[in-house]
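*Asks:* These protein sequences, in sequence, are chains A and B.
The letter at position 213 of the first sequence is residue 407 when you use the numbering used here, and the numbering goes up by one with no holes.
The letter at position 220 of the second sequence is residue 228 when you use the numbering used here, and the numbering goes up by one with no holes.
I should point out that these hints are in silico values taken from the structure, not numbers from a laboratory.
Among these hints, one or two may not hold up.
[Claimed, not checked] Not everything, but these chain A residues come out facing chain B in the computed CB check (under 10 Å): (1) Thr203; (2) Thr330; (3) Ile331; (4) Tyr335; (5) Ser338; (6) Arg342; (7) Ser349; (8) Lys355; (9) Ser356; (10) Met357; (11) Asn362; (12) Leu371; (13) Asn413; (14) Thr416; (15) Leu432; (16) Arg433.
[Claimed, not checked] The list that follows gives simulated cross-link-like pairs (lysine-lysine, BS3-like), each with its CA atoms no further than 30 Å apart: (17) Lys470/A to Lys179/B; (18) Lys336/A to Lys156/B; (19) Lys134/B to Lys470/A; (20) Lys470/A to Lys99/B; (21) Lys156/B to Lys179/B.
[Unchecked claim] The following residues of chain A were derived to be distant from chain B, with all beta-carbon distances above 12 Å: (22) Tyr197; (23) Ser324; (24) Cys344.
Note that CB positions come from ideal geometry on N, CA and C, so glycine has one too.
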Amino acid sequence: MDYIISILTFSGITLVGVLGAYLVTGLTGLFSFGQAAFLAVGAYSSAVLVTNYGVSFPVAVVIAMLLGLIAGLIVGVPTVRLRRDYISLVTFGFGEAIIAILNNSANLTGGAMGLSGIPQYTTFPVVLISVAVCLTIVVSYKYSKYGRQCLALRSDELAAKSMGINVNRLKLTTFLLASVITSYAGVLFAFYTSYVEPGAFGWVVSAEWLIIVFVGGINSLTGTVISALLLTSLPELLRFASEWRIFIYCAIVLVIINYRPTGIFGEYEFSWRSLKRIAARGGKAV
Amino acid sequence: MSRLDVTNISKTFGGVRAVDNLSFSVDASSIVGIIGPNGAGKTTVFNLVTGVYEADSGQILLNGRDLRGLPQHEITRSGVARTFQNIRLFKGLSVLENVMTAADPHSTYNILDVLTLSRRKRQREKQVKELSRDFLNIVGLSHLENEKPENLPYGLQRKLEIARALATNPKVLLLDEPAAGLNPSEVRDFIDLVQRLHSDYKFSILVIEHRMEVIMTLCSHIYVLTFGKLLASGTPSEIQNNKEVLEAYIGEEDASCCI
Chain A
195 MDYIISILTF SGITLVGVLG AYLVTGLTGL FSFGQAAFLA VGAYSSAVLV
245 TNYGVSFPVA VVIAMLLGLI AGLIVGVPTV RLRRDYISLV TFGFGEAIIA
295 ILNNSANLTG GAMGLSGIPQ YTTFPVVLIS VAVCLTIVVS YKYSKYGRQC
345 LALRSDELAA KSMGINVNRL KLTTFLLASV ITSYAGVLFA FYTSYVEPGA
395 FGWVVSAEWL IIVFVGGINS LTGTVISALL LTSLPELLRF ASEWRIFIYC
445 AIVLVIINYR PTGIFGEYEF SWRSLKRIAA RGGKAV
Chain B
9 MSRLDVTNIS KTFGGVRAVD NLSFSVDASS IVGIIGPNGA GKTTVFNLVT
59 GVYEADSGQI LLNGRDLRGL PQHEITRSGV ARTFQNIRLF KGLSVLENVM
109 TAADPHSTYN ILDVLTLSRR KRQREKQVKE LSRDFLNIVG LSHLENEKPE
159 NLPYGLQRKL EIARALATNP KVLLLDEPAA GLNPSEVRDF IDLVQRLHSD
209 YKFSILVIEH RMEVIMTLCS HIYVLTFGKL LASGTPSEIQ NNKEVLEAYI
259 GEEDASCCI
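Produce the complete structure using the sequences and hints provided.
*Replies:* See below:
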């Protein structure tokens, strides 16, 4: 049971981080290859504040999210003006720069040795509530003027501008919201594993998140949520296959992308009405 | 003073003078046409007015305010709406959401309202939805509001573009070949729609079109462009009898061609 709870907790934390990747990449169509760096910002800043400076946990959470916001501003302000492919390069560079800083400021962060002895404040209920709150925020964002404008911008930037949308500002807003959410996931991560090291936040993690968004369905939040839970727990479920599990994982991802290029859910979004519609259609078919 | 006043604008791309010292004006609540052979620079004029490109020189005044150099979204917000020659609807959004997106920049709620699910946001969302439904109703698409725009037939996509442009609350509406690809009955339908909108909303309309039926019925004044320059301007009947215009369009009369 503990084992299952721990998998679920970890999946929940990943899901919160992936929601950030969804906002930037799924909703707005900007490839962020450095999303995991915000996870590092959140994790390290909160961990250092609590373990080294004795700051209380809630205050550390707020400061960590603020630092995530500032980091988002530093990357976001210059990058939103760039073309899409350059954005992925800049965010990639930013991600690796953060890792390098963590590795080299050993007296504060422990360098490559990492930082240990972080108290374990992140429990399953905490993660559950965090997921619910973050999900509500992202759903509210998607079904607001911001979400619609993001989708419009992803589909056709020129037409979006000529509908009166301030494209750069919209990109920045989305990017900042994503940064804050992902930094918060970083806090959850640090206070769950009680040990952080720079290697856990590299571009591989960012890439994994992009895979999750794409497998779920680039446009579908439902898909992102389900594939986040599925793909994070999959390596654990495949543990019986020992060294074959990464191979199986890759095979599953490749098969899905090949046969459903728009992801498992495409543009489908879960709602009671759409569920009823499907039920009604199924009834007719029978 | 006229509503849209364009004086001496020019635009060069490399060595090509796409628009050369062009002036024209659109009076409040009038329909003005721009015609000319392919490559005459008609769409470039639209792109200059809406800020896609910045004019190299000249002045573009909307109710006396200079638009030149403003970013695209501000030009739209100050009252210039357009449709596109090659339809540019938003994929991934429903028909209704396409229209809502154009009304959204006028919504004043902010990111905090979104995070806290405030009442201000929910009320405004409802308002925008109703407003957009009205616009869909006007162009006759209200029964298709949940469809994806790419699944609509071509003629309806054109109508959706117009509904979307209406939602930006324009003072001047620019239509770029709105009747291209429509069949004759759809064209008549379209002419009715534009006349109806024009009398209901009192905005000025500037229209580029190759179909003479559309131009001659709708427009009170016509500008003819060739190679980025103004060739002629006048009322429909003046243009129809202008020898230079006929030459630009169909070439000089050649005795050997007459049977």
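*Asks:* The structure should be examined with respect to each hint, and the outcome stated for every one.
*Replies:* Results of checking the hints against the structure:
1. The closest approach between the C-beta of Thr203/A and any C-beta of chain B is roughly 25 Å, which is over the 10 Å cut-off, so the hint fails.
2. This hint holds: Thr330/A has a C-beta 7 Å from the nearest C-beta of chain B, less than the 10 Å allowed.
3. Given hint, Ile331/A at the interface with chain B, holds; its Cβ is 6 Å from that chain's nearest Cβ, closer than 10 Å.
4. For Tyr335/A, the interface hint holds, since its Cβ comes within 10 Å of a Cβ in chain B; the closest pair sits about 5 Å apart.
5. Against a cut-off of 10 Å between C-beta atoms, the interface hint on Ser338/A holds, since the closest Cβ of chain B lies about 5 Å away.
6. The beta carbon of Arg342/A comes within 5 Å of a beta carbon in chain B, closer than 10 Å, and the hint placing it at the interface holds.
7. About 4 Å separates the beta-carbon of Ser349/A from the nearest beta-carbon of chain B, less than 10 Å, and the hint is met.
8. Given the 10 Å rule on beta carbons, the hint for Lys355/A holds: about 4 Å separates it from the nearest Cβ of chain B.
9. Below 10 Å, beta-carbon pairs count as interface contacts, and Ser356/A has one with chain B at about 6 Å; its hint therefore holds.
10. At a threshold of 10 Å, the smallest CB-CB gap from Met357/A to chain B is about 4 Å, leaving the interface hint in force.
11. Residue-level restraint check for Asn362/A holds (minimum Cβ-Cβ distance to chain B is 9 Å; threshold 10 Å).
12. Hint status for Leu371/A: holds, given a least beta-carbon distance of 7 Å to chain B, under 10 Å.
13. At about 5 Å, the closest approach between the beta carbon of Asn413/A and any beta carbon in chain B falls short of 10 Å, and the interface hint on this residue holds.
14. For Thr416/A, the interface hint is violated, the least distance from its beta-carbon to any beta-carbon of chain B being 15 Å, above 10 Å.
15. Restraint check, Leu432/A versus chain B: the minimum CB separation of about 33 Å is more than 10 Å; hint violated.
16. For Arg433/A, the interface hint is violated, since its Cβ never comes within 10 Å of a Cβ in chain B; the closest pair sits about 38 Å apart.
17. Distance check on the hinted pair: Lys470/A and Lys179/B sit about 43 Å apart at the alpha-carbon level, beyond 30 Å; violated.
18. The straight-line distance between the Cα atoms of Lys336/A and Lys156/B is roughly 17 Å, inside the 30 Å bound, and the hint therefore holds.
19. Proximity of Lys134/B to Lys470/A is assessed by CA-CA distance (about 23 Å); at most 30 Å being required, the pair is judged to hold.
20. Only pairs whose Cα atoms come within 30 Å are accepted, and Lys470/A paired with Lys99/B is accepted, the gap being roughly 25 Å.
21. A C-alpha spacing of about 28 Å is found between Lys156/B and Lys179/B, which places the hinted pair at or below 30 Å, so the restraint holds.
22. Tyr197/A, annotated as away from the interface, keeps every beta carbon of chain B farther than 12 Å; the closest lies near 35 Å.
23. The Cβ of Ser324/A sits about 14 Å from the closest Cβ of chain B, beyond the 12 Å cut-off, so the non-interface label holds.
24. The claim that Cys344/A is not at the interface with chain B is violated, since a C-beta of that chain comes within 12 Å of its own (minimum 10 Å).
Going down the numbered hints, you'll see the structure goes against 1, 14, 15, 16, 17 and 24, while the others check out.
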